[in-house]
Amino acid sequence: MEGYGGSILYIDLTDGSFKKLEMTKELSSKYLGGEGVAVKIFTDHVNPKIDPFDQRNVIVIAPGLLTGLPVPTASKTAFVSKSPLTGTIAESIMGGGIGAQMKAAGLDAIAIIGKSKNPALLSIDDDLVRFENASPYWGMFTRDAAKAIKEDYGDFVVATIGPAGESLVRYACIECEDRQAGRAGLGAVFGSKNLKAIAIRGSKDITIYDPDRLIHLALGWQETMEKSNAFIEDTKYGSGEFLEWVNAERGVFPTKNWQEGVFNERKKIDPYYWAPKYAIKNKACFACTKACGKLFVVRDGPYAGTVLDGIEYETLYALGSQCGNPDIEALARANELCDQYGIDTISTGVVIGFVMELVEKGLIDEEELGFDCRFGIAEAVPKMVELIGRRDGLGALFGEGVLRISKTIGRGCEDYAMHVKGMEPPAYDVRGMKGMGLGFMTSSRGACHLRSGFYALDLTGRFWRFSGVDRLSPIGKGEAVKLMEDFMMVYDCLGVCKFSRSFFKIEGFIELLDTAIGKSFKEDDLLLIGERINNLKQLFNLGAGVGRESYRLPKRITHEPIPAGVSKGAVLTVEEAEKMLSDYFIARGWDENGFPSKEKLAQLGLG
Amino acid sequence: MFSDFYFKIVCSSRTLEKFECYCKLLVNRSVVINLINRKSRSQVIILLNHGNFRYGSYMPLCLVPYPENCTGCRFCELVCALSHDKVVNLKKARLRIVRKDIISDIPVVCAQCIDQEKECCASVCPEKAISFDGTALVVEEEKCTGCGLCEDACAYGVIRVEGTAKKCDLCGGDPLCVKFCPFGAIRYEEMKKENFQKVLSLLEG
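Going down the list, the protein sequences come from chains A and B. Residues in the first sequence are numbered consecutively from 1, following my numbering. Residues in the second sequence are numbered consecutively from 1, following my numbering.
Don't read these hints as lab results, they were simulated from the structure. Even for Gly, the Cβ is constructed at its ideal location relative to N, Cα and C. Be a bit skeptical, because a hint or two may be false.
Claimed, not checked - Below, in silico cross-link-like pairs of lysine-lysine (PhoX-like), each with a Cα-Cα straight-line distance of 20 Å or less:
no.: 1; chain 1: B; residue 1: LYS91; chain 2: A; residue 2: LYS204
no.: 2; chain 1: A; residue 1: LYS147; chain 2: B; residue 2: LYS100
no.: 3; chain 1: B; residue 1: LYS179; chain 2: A; residue 2: LYS227
Said to hold, decoys possible - Here are some chain A residues pointing at chain B (derived, C-beta under 10 Å):
no.: 4; residue: GLY3
no.: 5; residue: VAL71
no.: 6; residue: SER75
no.: 7; residue: GLY97
no.: 8; residue: ALA100
no.: 9; residue: GLY202
no.: 10; residue: ASP212
no.: 11; residue: LEU214
no.: 12; residue: PHE231
no.: 13; residue: ASN282
no.: 14; residue: LEU295
Using the sequences and the accompanying hints, generate a full structural model.
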C-alpha cells in the first residue's frame with residue numbers, strides 16, 4: 001500500500017516471541033493510521049478492567065499515515081496504552097524520529113505485550129527483531145541511555161525511558177531525539193514491562209502514489225507556512241510566544257496551583273525575554289520545517305551547563321507560574337531534569353505547585369521534605385524534580401500524581417488537587433475558557449488541551465468552521481467540542497502537528513492523501529473516522545469504569561472565581577459543566593452516562 | 001519574496017569554464033541559462049553588462065552546510081530521495097543529517113570536489129564516469145560499472161552505489177534541499193571550504 005509500511009509487529013516480552021501481520025486495507029480505510037490504528041489494535045487486545053501495570057496491558061506505537069513522508073510538520077508517532085495515571089485509554093504523541101524509522105522498517109504499528117524478566121532493549125533492524133539485555137542502561141538518564149545504545153549497537157533511532165519510568169512514576173514519559181511522548185505516564189508502562197528502550201532503523205522504500213506531485217504540494221505548503229505570522233513567531237520564540245497575551249489579554253494563565261489566572265512576574269519567563277539571551281538555535285521534530293523548538297543553553301551561574309530543547313509554553317506554566325517560579329534558569333534546569341529522568345513536565349509542575357500549597361497550608365512538613373518548598377522559591381523546583389525522578393523520601397508519594405497524593409493526605413486538600421480523571425491540567429485556566437473546560441472533562445485521557453484543541457477557539461473566538469465563540473459562555477460548546485475532537489483525531493491519525501491546524505485545516509489533507517496514497521476522501525469521511533475512533537475509546541473507558549462522576553472538574557475550578565485580571569470573577573460552575581456535558585453527550589449520540597446508542601455504533605460500523 | 005537569483009553561463013565547450021552572474025529579479029524561480037559556445041569570457045561579460053546585469057565570481061555554486069543553523073528535521077533528506085528515486089527512503093538521500101547529540105545536527109552535503117586537491121569520487125573513478133556537467137559532478141550511468149571506489153573515496157559519505165553510483169546533482173541547478181530549509185542550514189552559494197572543514201571536524205569530534 002502506498003504511504004504505508006505494510007505490516008504490524010506483535011511483540012511478546014514474556015517469552016521473547018514476535019509475529020508480523022499484514023496492515024490490511026480495511027484497517028487503513030477505517031482508521032487511517034497513527035493513533036486510529038493504535039487504538040483499534042489496543043482495544044482489540046486489552047481487557048479494559050486490567051491494571052495498567054498488569055503484564056497483559058499492551059502498548060501500541062504507530063506513526064501517523066503521513067509521518068515519515070515529506071509533508072511539512074508530519075512528524076508524529078502515537079503511543080497508546082492504558083494509562084497508569086488515569087486508568088483510561090491514553091495516547092501520547094511525540095515528534096521524535098522513531099515513526100519514520102518504523103515505516104522504513106516496513107512497520108505501521110508495533111504492539112508490545114507481556115513483561116520481560118530482565119531489563120530489555122528491543123532492537124529492530126529492518127526485518128531483524130532482537131531482544132537485547134538492557135541491564136547496562138538501566139538507571140541511566142534518557143540522553144545517556146540513547147547515546148550508550150547508539151555506541152553499542154550503531155546508528156539506530158532510540159526511544160527510551162529514564163529512571164522515573166523504571167521506578168513507575170505514574171507520569172513518566174518516553175523520550176526519542178529530545179522529544180517526548182509526555183503525557184499520561186506511558187513511560188511507566190514501559191517500565192512495568194522491564195522495557196528500557198526501543199532501538200530501530202529501517203532502509204526500505206515507502207512508495208508514493210504520485211511522488212512529483214507530492215513534492216509540488218509540499219513546496220506549496222512550505223511557502224504558505226513561511227509567509228505566516230505563526231512561522232515567524234514560532235521560529236523566533238517557540239510555542240510560548242503568546243504567553244504575554246494569554247496573561248494580559250485573556251487572564252487565563254494558571255498561577256500558583258490555579259489560585260490565580262495571571263502571573264505577575266511573567267516577563268521573566270516570557271520567550272521574548274529569554275529567547276534572544278539563551279536560545280542558540282532552532283530545533284525541530286522530524287520533518288518539521290517550522291521548528292518551534294529552541295536549543296536553550298545556560299552558560300553560567302548556579303545552573304550553568306543546562307542544555308535542553310525547549311522551553312515549551314506548557315512547561316513555562318507548569319514549572320514556572322504554577323510554582324510561582326520567575327527564574328528562567330531554574331526553570332530550564334527543572335525542564336532538563338524532567339527530560340533526563342523521563343517525566344512529563346506538565347504533570348510534574350502541577351504536582352510541585354500542589355505540594356507547595358500543601359506546605360504553605362501546613363499539610364506537608366517542610367522538614368521532612370528537607371528544603372524550603374513554597375510558591376516563588378525557584379531553587380525548590382529543580383530540587384523537587386530530582387526528588388520525584390529518584391522517588392526519594394516523599395518523592396515516592398509525589399510520583400503517584402496529584403489525585404493519589406490528595407487521597408493519601410486528605411484533610412480537604414482534594415478540593416485543590418488539580419486533575420481530571422487523575423491527569424494534571426495544562427496551561428489554560430478553564431474558568432475563563434469554558435469550551436476548553438468541557439474539553440478537559442471529555443478528553444479520554446483526563447485534563448488535556450489537545451484532544452479537542454478547543455483553546456484555539458476560546459482564546460481567539462474563531463477557527464475553522466467556527467466564529468464568534470464566546471469563551472465565557474457554556475452555550476453551544478457541547479456540539480463544538482464534539483466536532484473539534486473528531487477533527488483533531490484526524491491530525492493524530494495522519495501524524496501531523498496540531499500547530500499546523502490553521503494551515504491544513506481538514507481540506508488540505510484531501511489533496512495530500514490523494515497524492516500520497518492514491519485514495520480520495522471527503523471531509524466528512526475523515527471526520528467520521530475521527531468520530532469512530534473517539535467512540536471506540538469511549539467504549540473502552542466505559543469498560544474501565546468511567547462513569548458520569550469521572551468527568552468532574554476540580555472544585556477550585558467550579559467554586560473559586562479567578563481573583564484578578566481580565567477574567568476576574570470567572571468561574572465554571574457545576575451547573576454549567578453538567579449542562580455542557582449533557583449537550584456533548586447528546587451531540588455524540590450517547591446517553592446521560594456516556595454510553596453510545598446502538599444506532600450511533602451501527603452508523604460508525606462498531607455495532 | 002525578493003531574493004538573489006542567478007544566471008549561469010557556461011562558455012567554451014572544451015574546458016567547460018563556468019561563471020555566475022547574480023542579478024536581482026522579482027521572479028519566483030531561478031533561471032538557468034547554459035550557453036555552451038566559443039565566445040570568450042570577456043565577450044560574455046560585455047554581453048551581461050549590456051543587459052544591466054552584475055556578474056559575480058567564476059566559481060561554480062555548490063551546497064554549503066551551516067551546521068549551526070540545522071534544526072535536525074531531515075526534510076532535506078526526505079525530498080532528496082523522493083525527487084531522485086521516486087520513493088521515500090532516508091537512506092537513499094544524496095545528503096545526510098547526522099544527529100550526534102542534542103547540540104549538534106550536522107548537515108553533510110556533497111562538496112562537488114571540483115578543484116580536486118585530494119581524492120574524490122571523480123578522481124578515483126577508473127571509468128571516468130563522473131564529470132562536471134556545468135552545474136555539478138554527475139555520474140554517467142552508462143559508463144559506471146558500480147565498482148564502489150567512489151563510495152570509499154568520498155570524505156563525506158554522500159555517494160552510494162546501488163547498481164550505479166548515485167550522487168548529488170544539485171537538482172540541475174535548483175536544489176530542493178535548499179528550498180525546504182528556511183533556516184539556511186544548507187545554502188546554494190560559492191564554495192566555503194571552512195564550512196566543510198567544520199562539518200568534518202564535527203563528525204569526528
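query = For which of the previously enumerated hints does the structure constitute a violation, in increasing order of number?
reply = none
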